[in-house]
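Starting from the given sequences, assemble the full structure and let the hints guide the process.
Heads up: the sequence shown begins at 1 in my numbering, then just goes up one per residue.
By construction, these hints were calculated from the structure, which means they are not laboratory data.
No experiment lies behind these values; they were computed from the predicted model shown.
Misleading hints may appear alongside valid ones.
As the list claims (entries may be wrong) - Only pairs whose alpha carbons sit at most 25 Å apart, straight line, appear in this in silico PhoX-like list of lysine-lysine:
#1 Lys12 <-> Lys53
#2 Lys53 <-> Lys36
#3 Lys584 <-> Lys36
#4 Lys36 <-> Lys12
What the hints assert, rightly or not - Label-pair ranges, simulated between beta-carbon atoms:
#5 Arg568 <-> Gly431: 33 to 39 Å
#6 Glu205 <-> Ser580: 23 to 29 Å
#7 Val405 <-> Val561: 29 to 35 Å
#8 Ala467 <-> Asp151: 46 to 52 Å
#9 Arg436 <-> Leu392: 21 to 27 Å
#10 Pro109 <-> Glu205: 24 to 30 Å
#11 Arg436 <-> Asp532: 35 to 41 Å
#12 Gly431 <-> Leu80: 32 to 38 Å
#13 Lys584 <-> Ala148: 26 to 32 Å
#14 Arg436 <-> Pro278: 19 to 25 Å
Cβ coordinates follow ideal geometry from the N, Cα and C atoms, glycine included.
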Amino acid sequence: MTASDTQPIVLKDLRVETLGGTPIVRDIGFSIAPGKVLGLVGESGSGKSTIGKALLGYAAPGLRIAGGRFLVGGTDILGLSEAGRRGARGRLVAYVPQDASSALNPAVPIRRQMIERLRIGADRMSDAQAETRIRETLDSVGLPTGKAFLDRYPGELSGGQLQRVGLTVAIVTHPRLLVLDEPTTALDASNRASVLELVSRLNAELNMSSLYISHDLGVISAVADEVMVLYAGQTVEAAPSAPFFDAPAHPYSQALLTAMPTTRMRKELRGIRGRVPPLAERAAITGCLFAARCDLATPECEREMPPLTPFAAGVVRCLHAGRDRKPAAARPEATPDTAGPALLSVRNLSAHYGAEPVLKDISFDLRPGGCTALVGESGSGKSTLSRCLIGLHEDMQGEVLLDGVPVPRRIRARPTWMHRDMQYIFQDPYGSLHPRRSIGASLAAALRLTAGPDARPAREAVPEVLARVALPPAMADRFPSELSGGERQRVAIARALIGNPRLLICDEVTSALDVSVQASILDLLQSLMREDLAILFVTHDLGVVRSISDRVIVLNQGLIVEEGATARVIGAPSHPYTQSLLSKVLEVA
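Printed below as a string of structure tokens:
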């Protein structure tokens with residue numbers, strides 16, 4: 001071990017701004033000791049990913065890194081030339097993006113992409129050594145190591161598999177710092193636990209440090225040694241993990257924890273009122289940037305920006321730090337309707353990928369105003385089932401009825417009213433939005449397709465539906481690449497809602513959302529259910545299941561192993577597989 005291997009990773013005074021000088025993040029600094037993990041949390045748009053990418057010397061189009069030093073083993077990466085930064089990426093600092101598919105070449109097999117990464121990031125590694133490293137790393141993240149899997153292309157993997165492959169590509173080079181930007185977003189509880197264990201083990205074994213960016217405070221509580229909370233591009237609190245979760249000091253930190261769902265009860269989720277101030281408005285704010293959304297704000301908060309000052313075990317930017325967090329109220333458990341007429345009926349549905357069976361004899365009903373959650377590990381058949389229902393997987397047998405009318409297997413064979421009444425929200429919002437079409441244009445196109453010639457004018461419908469998913473009207477003029485992951489997911493939800501469907505098939509729709517926006521989206525879906533909207537909610541987040549659904553179907557290897565009322569299945573599961581899923585849920589006390 002060299003002397004540089006024992007030095008902490010240090011960031012000082014990072015500032016990223018627009019080309020016009022408006023700060024995106026400012027005065028950001030931290031230190032991560034070897035073998036430790038810093039958790040970076042905050043709402044979508046707070047600057048988490050901007051910081052993560054800046055550590056590799058990257059800035060999004062229209063932005064620049066205006067200041068700061070980033071020391072890794074004595075090397076200031078931000079002070080290097082572009083050629084020097086390229087040499088440091090992968091070798092000193094590696095990045096795992098939120099959307100793993102964006103980091104993988106769809107036309108190149110997995111094996112080749114990993115070998116190419118090793119040849120870039122490691123010195124004199126032979127093909128045999130590379131093969132050994134690849135198989136060891138794949139095994140560590142719970143992926144197959146056989147030739148059939150290694151020869152697959154990214155498009156042949158599930159969302160969870162894609163995310164784990166993206167992690168594998170980053171860690172095979174054994175970098176000094178691993179920047180993880182929501183790496184477990186698409187993973188079920190079991191695979192998420194294995195990835196978090198892997199990150200902790202690699203930190204210890206390789207003396208590696210990690211910056212873990214996440215909106216999931218349960219994940220942060222499990223993996224991070226220290227926590228930093230961002231709001232509107234500023235640090236508002238930083239502290240060691242245990243004291244932070246025991247007694248968060250900043251009102252914003254407290255509000256984030258209150259908005260978290262739990263499997264322990266059906267909890268009243270409260271989103272934070274208002275929204276993060278947009279860039280154009282921040283320069284005019286002289287006081288605390290959170291004041292407009294804070295229940296404790298006083299006139300003094302609006303006059304002057306609070307400094308970052310020591311408080312308890314950490315630091316906090318607040319004049320009223322230390323308020324006790326109020327526990328969230330419990331809500332009555334939902335009772336599923338088992339007597340009313342079914343809106344959607346599924347009978348004896350089986351599905352295959354070639355000769356491989358994926359679903360086996362699936363039957364259930366969805367009724368108006370109800371939410372059925374579909375849960376199970378990655379590869380259990382959840383997404384295949386939902387794709388069969390929407391017409392994107394035709395290799396199936398069985399019967400699907402909508403209002404008693406048989407639903408054609410092929411989506412192109414379905415009448416317009418079926419397209420309108422059944423809407424699908426994809427797990428990957430970026431892949432389902434046209435990259436060269438503005439958000440407003442995408443929503444208007446969905447309105448025309450689902451509502452037909454009698455649709456309301458787009459100029460009225462688009463701002464209204466954006467507001468329903470907590471997005472400002474100005475978002476209509478932006479493009480998918482200009483949005484954060486959480487913002488893209490909200491746009492995808494808005495596109496499904498704009499035609500006023502009767503059934504929503506939601507495939508991990510809250511996985512990319514921070515807890516505050518997730519709370520508001522779940523509240524929105526529940527209000528729509530009161531208007532008789534039926535929902536099939538595909539998710540791996542069992543806390544969200546407890547909060548929104550009245551009924552649960554548990555899938556394992558294509559079979560329904562348990563189903564029933566949510567309060568019973570989540571509160572007192574009877575099948576060992578369901579019990580195993582719940583045992584791996586990460587909860588914040």
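Hint by hint, here is what the structure shows:
1. At roughly 15 Å between alpha-carbon atoms, Lys12 and Lys53 fall within 25 Å of each other, so this suggested pair holds.
2. Annotation: proposed proximity of Lys53 to Lys36 holds, straight-line Cα distance about 19 Å (limit 25 Å).
3. Using a Cα cut-off of 25 Å, the hinted pair Lys584 and Lys36 holds, with the two alpha carbons roughly 22 Å apart.
4. Restraint check for Lys36 and Lys12: the C-alpha separation of about 18 Å stays at or below 25 Å, so the hint holds.
5. In this structure the hint that Arg568 and Gly431 lie 33 to 39 Å apart at CB holds, the actual value being about 36 Å.
6. Taking 23 to 29 Å as the suggested C-beta distance range, the pair Glu205 and Ser580 conforms, at roughly 27 Å.
7. Our hint of 29 to 35 Å for Val405 and Val561 holds, since their Cβ atoms are close to 30 Å apart.
8. One distance hint, 46 to 52 Å for the beta-carbon pair Ala467 and Asp151, holds here, with the actual separation near 47 Å.
9. Distance hint check for Arg436 and Leu392: the Cβ-Cβ separation is about 23 Å, which falls inside the suggested range of 21 to 27 Å.
10. Pro109 and Glu205 have their C-beta atoms about 28 Å apart, which keeps the hinted 24 to 30 Å range intact.
11. Distance hint check for Arg436 and Asp532: the Cβ-Cβ separation is about 37 Å, which falls inside the suggested range of 35 to 41 Å.
12. Separation of Gly431 from Leu80 is about 34 Å and conforms to the stated range, judged on CB atoms against 32 to 38 Å.
13. Taking the beta carbon of each, Lys584 and Ala148 are about 27 Å apart, inside 26 to 32 Å as hinted.
14. A beta carbon spacing of about 24 Å between Arg436 and Pro278 agrees with the range 19 to 25 Å that was offered as a hint.
Going down the numbered hints, you'll see the structure goes against none, and every one checks out.
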